[in-house]
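Engineer: Chain by chain, the residues:
There are 2 protein chains.
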Amino acid sequence: MVLVNEHYLKLAAGYLFPEIDRRVTAFLATHPEAGEDLINCGVGDVTEPLPEAAREAMKRAVDELGNRETFRGYGPPLGHDFLRSAIIEHDQRSRGTSIREEEVFISDGSKGDAGSLLEILGAGNRIAVADPVYPVYVDTNVMTGATGDAMPEGGYEGVLYMPMTRENDFVPELPESSVDVVYLCSPNNPTGAVLTRADLTKWVDWARSNDALIIFDAAYEAFIRDDSIPHSIYEIEGAETCAIECRSFSKNGGFTGVRCGYTICPTALEGTTRDGRRVKLHDLWTRRWQTRSNGVSWPVQCGAAALYSEQGRREVRMLTDYYMENVRILREACESSGLTVFGGRNAPYAWVACPDGVSSWQAFDVMLEQGHVVVTPGCGFGRCGEGYFRVSAFSPRSAVERFAERLESIQWLACT
Amino acid sequence: MVLVNEHYLKLAAGYLFPEIDRRVTAFLATHPEAGEDLINCGVGDVTEPLPEAAREAMKRAVDELGNRETFRGYGPPLGHDFLRSAIIEHDQRSRGTSIREEEVFISDGSKGDAGSLLEILGAGNRIAVADPVYPVYVDTNVMTGATGDAMPEGGYEGVLYMPMTRENDFVPELPESSVDVVYLCSPNNPTGAVLTRADLTKWVDWARSNDALIIFDAAYEAFIRDDSIPHSIYEIEGAETCAIECRSFSKNGGFTGVRCGYTICPTALEGTTRDGRRVKLHDLWTRRWQTRSNGVSWPVQCGAAALYSEQGRREVRMLTDYYMENVRILREACESSGLTVFGGRNAPYAWVACPDGVSSWQAFDVMLEQGHVVVTPGCGFGRCGEGYFRVSAFSPRSAVERFAERLESIQWLACT
Chain A
2 MVLVNEHYLK LAAGYLFPEI DRRVTAFLAT HPEAGEDLIN CGVGDVTEPL
52 PEAAREAMKR AVDELGNRET FRGYGPPLGH DFLRSAIIEH DQRSRGTSIR
102 EEEVFISDGS KGDAGSLLEI LGAGNRIAVA DPVYPVYVDT NVMTGATGDA
152 MPEGGYEGVL YMPMTRENDF VPELPESSVD VVYLCSPNNP TGAVLTRADL
202 TKWVDWARSN DALIIFDAAY EAFIRDDSIP HSIYEIEGAE TCAIECRSFS
252 KNGGFTGVRC GYTICPTALE GTTRDGRRVK LHDLWTRRWQ TRSNGVSWPV
302 QCGAAALYSE QGRREVRMLT DYYMENVRIL REACESSGLT VFGGRNAPYA
352 WVACPDGVSS WQAFDVMLEQ GHVVVTPGCG FGRCGEGYFR VSAFSPRSAV
402 ERFAERLESI QWLACT
Chain B
2 MVLVNEHYLK LAAGYLFPEI DRRVTAFLAT HPEAGEDLIN CGVGDVTEPL
52 PEAAREAMKR AVDELGNRET FRGYGPPLGH DFLRSAIIEH DQRSRGTSIR
102 EEEVFISDGS KGDAGSLLEI LGAGNRIAVA DPVYPVYVDT NVMTGATGDA
152 MPEGGYEGVL YMPMTRENDF VPELPESSVD VVYLCSPNNP TGAVLTRADL
202 TKWVDWARSN DALIIFDAAY EAFIRDDSIP HSIYEIEGAE TCAIECRSFS
252 KNGGFTGVRC GYTICPTALE GTTRDGRRVK LHDLWTRRWQ TRSNGVSWPV
302 QCGAAALYSE QGRREVRMLT DYYMENVRIL REACESSGLT VFGGRNAPYA
352 WVACPDGVSS WQAFDVMLEQ GHVVVTPGCG FGRCGEGYFR VSAFSPRSAV
402 ERFAERLESI QWLACT
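Protein chains in written order, with our numbering: chain A, 2 to 417; chain B, 2 to 417.
No wet-lab data here; the hints were simulated from the structure. Every residue gets a Cβ at the ideal spot worked out from N, C-alpha and C, and that includes glycine. Please note that a few of the clues may not be correct.
Here are the in silico distance ranges between beta carbons for each label pair [unchecked claim]: (1) 101/B <-> 277/A: 47 to 53 Å; (2) 312/B <-> 269/A: 50 to 56 Å; (3) 207/B <-> 90/A: 52 to 58 Å; (4) 99/A <-> 36/B: 36 to 42 Å; (5) 91/B <-> 33/A: 36 to 42 Å.
With a straight-line Cα cutoff of 35 Å, these simulated DSBU-like cross-link-like pairs (lysine-lysine) come out [what the hints assert, rightly or not]: (6) 60/B <-> 60/A; (7) 281/A <-> 11/A; (8) 203/B <-> 281/B; (9) 11/B <-> 281/A; (10) 203/A <-> 281/A; (11) 281/B <-> 11/B; (12) 203/A <-> 11/A; (13) 11/A <-> 11/B; (14) 203/B <-> 11/B; (15) 281/B <-> 11/A.
One side only, chain A facing chain B, incomplete, derived with CB under 10 Å [said to hold, decoys possible]: (16) 9; (17) 46; (18) 72; (19) 73; (20) 112; (21) 120; (22) 123; (23) 124; (24) 140; (25) 141; (26) 212; (27) 214; (28) 272; (29) 275; (30) 278; (31) 325.
Using the sequences and the accompanying hints, generate a full structural model.
Structural biologist: If you want it as structure tokens, here you go:
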């Protein structure tokens, strides 16, 4: 009989968002009047319209498919050159890196890439992730067998969890034990923290001297407002020998439903076979795309490329400014109501400390019951997220403003 | 240092299409006048415009993304219900199967699915494929370690190759040794052969009594013109307990550049752990999509659904009729010139036997040199493809007609 991938059976049930839904549903069942009133600042999905530049480019691309002369069939598995060139020009060369077109791989988004990258890695690598963290990094490693079993207290055996706390300014500390693959996310989901040039330099130097691979998730780089913060890890010298970078058009261009992103896998990057032979990851990643994919949808790639046009860049800036104004309003509202807030200055997420003695889920319940507002309990992202909640800027302005008003009336004493 | 997936290093270099390119380039270098004159019936990529129904639906979907009220963010990872319902109604219920919406998983195409399906299978399954065969089935298994090394004579150790020859009417025979996963493709690429109801019943019965999984690739089902030929394996009783079906909008709807397809993974389908616990593949496949994907692009799914509208179905029929008329012309031209032709009656590919004593590559060279036409040498699809070449219907009619004319003047004696 056909054998299944037993690693899947180690996966703990997805808990966070189903539990949020369960609590909201239960609350609305007893408070139906709150239904229309509910404000959701819990999700990481964008709400504002897709930039016109992207829409017009996509429609033109669809029209081209309507004529035999301009029809496009199978595209290049690694992505169209015009998009790879635009990425290099605007995301890399403009930041002073030496990354080249052939090091860019177009995908349908970062979530897919996080999993696909593991296909080219071998069994037996030890991974390290920040805590709290976007759960996909670990779940995809569970599925490929790079972890042990789920632990009763949360997390998986064999994974090094690196605490991000207010004590270390939400910057994970260098591992003291041996690690092969490290996930870094900056600007961070969920904490909204950013890695400075000094932080990233420390990590790149560590990875180079420890022959480790950094998977750098920069899905939120468009929200960086502090000019001193690197947007790409390749702004750090030597990163092209130790890092893969994941980028997404989901949050800057509003592409969560359109689906496009990319990875950068430099040609200088190497891994090893068990017997010590060095292998270029770029060769494996290229072969992966050639064998497993026929490339990303033609109109989608045209839409993504249009985000780099003059109009597109203006619209992306307006979109990200809109969300950054949202997060400013949310951050300041939390602060005025006496809460301590982290993040939200170079990221669309504010990471809010619950009042003393209040747990993540208690804060969630109080805000739902008293304010009819939904946030994301920090403990859902890992053990170090306990005692925090995440507020997302991805909402219409009117909802954000009402959220801010209602925050003033929350009586935190009620839950302690 | 990070370990790489060493199975990738077993992959033999992709040989067929690069070698075709090399020979064409070399010929044109010495015969530049043949450049404009060259006719390519070698590739499997569509050439005719995308149906209007799909284009209009895609543009409407893009417009919807331009308004906050109709904006769509993250979609369901398994696909939108409207598309899954249309598939069930038109591809399954209409054929009398009992497959349900929740058994349909929308993807960006069959090539991706062929590889992704292996993610939910364990190490140690023995696979069987037809010979000749679409190379992706085996290559993806090589990459996950389900095969041994490449063999000097072609193919990989540990894979059971099932010959498809004129002696067995290009229907693979049931394996006599133990096999866990069998790939069947009907209508077949490259031979254009189809599996009858009797053939499929034999295979389903075998799979059920041997606890094997059939991966049934029906990417070309829209080209079936003989009413007695099953379009879906689920038309055979019991197939829902032993088969996954892959479908694509690439060839029926001209979606090779748009990218959409689907798999059907029935809830009744089971695999096993090493210690004999039975596991539903549907659960694993669901978890795979939830963790690895945010679903297929919104406008793309809208375009695919439009292929099932009344207009869409009419356009798909016109498109496939166009290619079927092409293949009729090509088939008859080959026959008039004295060649023996298989396939091409329920498939867009004709599988042509080379004249006695002529090899696949010799036939390729003669046709290129004398007729300035490009075909695909059968040996590129496996050892049993030697002595054949594939002619593809995916060309504009004018090219097909010129191809047919030129075939008359080929002097086969020149190459023996």
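Engineer: Against this structure, judge whether each hint is valid.
Structural biologist: A quick look at each hint next to the structure:
1. Taken as a hint, the range 47 to 53 Å holds for the pair residue 101/B and residue 277/A, whose Cβ atoms sit roughly 51 Å apart.
2. Between residue 312/B and residue 269/A the Cβ separation comes to about 52 Å, which falls inside the hinted range of 50 to 56 Å.
3. Here the CB-CB span from residue 207/B to residue 90/A is close to 56 Å, well matched to the stated 52 to 58 Å.
4. Our hint of 36 to 42 Å for residue 99/A and residue 36/B holds, since their Cβ atoms are close to 38 Å apart.
5. Checked against the hint of 36 to 42 Å, the pair residue 91/B and residue 33/A passes, with Cβ atoms roughly 40 Å apart.
6. Among the hinted pairs, residue 60/B with residue 60/A is consistent with the structure: their alpha-carbon atoms are about 6 Å apart, no more than 35 Å.
7. This hinted pair checks out: residue 281/A and residue 11/A have alpha carbons roughly 31 Å apart, not beyond 35 Å.
8. Distance hint between residue 203/B and residue 281/B is fulfilled; the C-alpha atoms sit about 24 Å from each other, no more than 35 Å.
9. For the given pair, residue 11/B sits about 15 Å from residue 281/A by alpha-carbon distance, which is consistent with the 35 Å threshold.
10. Distance hint between residue 203/A and residue 281/A is fulfilled; the C-alpha atoms sit about 24 Å from each other, no more than 35 Å.
11. Distance hint between residue 281/B and residue 11/B is fulfilled; the C-alpha atoms sit about 31 Å from each other, no more than 35 Å.
12. Distance restraint check for residue 203/A and residue 11/A: the Cα-Cα separation of roughly 34 Å lies within the 35 Å cut-off, and the hinted pair is therefore satisfied.
13. For the given pair, residue 11/A sits about 29 Å from residue 11/B by alpha-carbon distance, which is consistent with the 35 Å threshold.
14. Straight-line distance between C-alpha atoms of residue 203/B and residue 11/B comes to about 34 Å, which keeps the hinted pair within the 35 Å bound.
15. For the given pair, residue 281/B sits about 15 Å from residue 11/A by alpha-carbon distance, which is consistent with the 35 Å threshold.
16. Given hint, residue 9/A at the interface with chain B, holds; its Cβ is 5 Å from that chain's nearest Cβ, closer than 10 Å.
17. At its closest, the beta carbon of residue 46/A sits 4 Å from a beta carbon of chain B; the interface hint therefore holds under the 10 Å criterion.
18. A distance limit of 10 Å between C-beta atoms decides the matter here; for residue 72/A the minimum to chain B is near 6 Å, and the interface restraint holds.
19. With its C-beta approaching chain B no nearer than about 4 Å, residue 73/A sits inside the 10 Å limit, and its interface hint holds.
20. Because the smallest distance between the Cβ of residue 112/A and any Cβ of chain B comes to about 5 Å, under 10 Å, the interface hint for this residue holds.
21. With a least beta-carbon distance of about 7 Å to chain B, the hint placing residue 120/A at the interface is held under the 10 Å criterion.
22. About 3 Å separates the beta-carbon of residue 123/A from the nearest beta-carbon of chain B, less than 10 Å, and the hint is met.
23. At a threshold of 10 Å, the smallest CB-CB gap from residue 124/A to chain B is about 7 Å, leaving the interface hint in force.
24. Look at residue 140/A: its Cβ gets to within about 5 Å of chain B, closer than 10 Å, so that hint holds up.
25. About 6 Å separates the beta-carbon of residue 141/A from the nearest beta-carbon of chain B, less than 10 Å, and the hint is met.
26. Contact between residue 212/A and chain B, as hinted, is supported at the beta carbon level, the nearest pair being about 4 Å apart and thus within 10 Å.
27. Taking 10 Å as the C-beta contact cut-off toward chain B, the hint placing residue 214/A at the interface holds, the least distance being around 4 Å.
28. At about 4 Å, the closest approach between the beta carbon of residue 272/A and any beta carbon in chain B falls short of 10 Å, and the interface hint on this residue holds.
29. Here the hint on residue 275/A is kept, as its CB sits about 7 Å from the closest CB of chain B, short of 10 Å.
30. Given the 10 Å rule on beta carbons, the hint for residue 278/A holds: about 8 Å separates it from the nearest Cβ of chain B.
31. Checking residue 325/A against chain B by beta carbon gives a least distance of about 18 Å; that is not within 10 Å, so the hint is violated.
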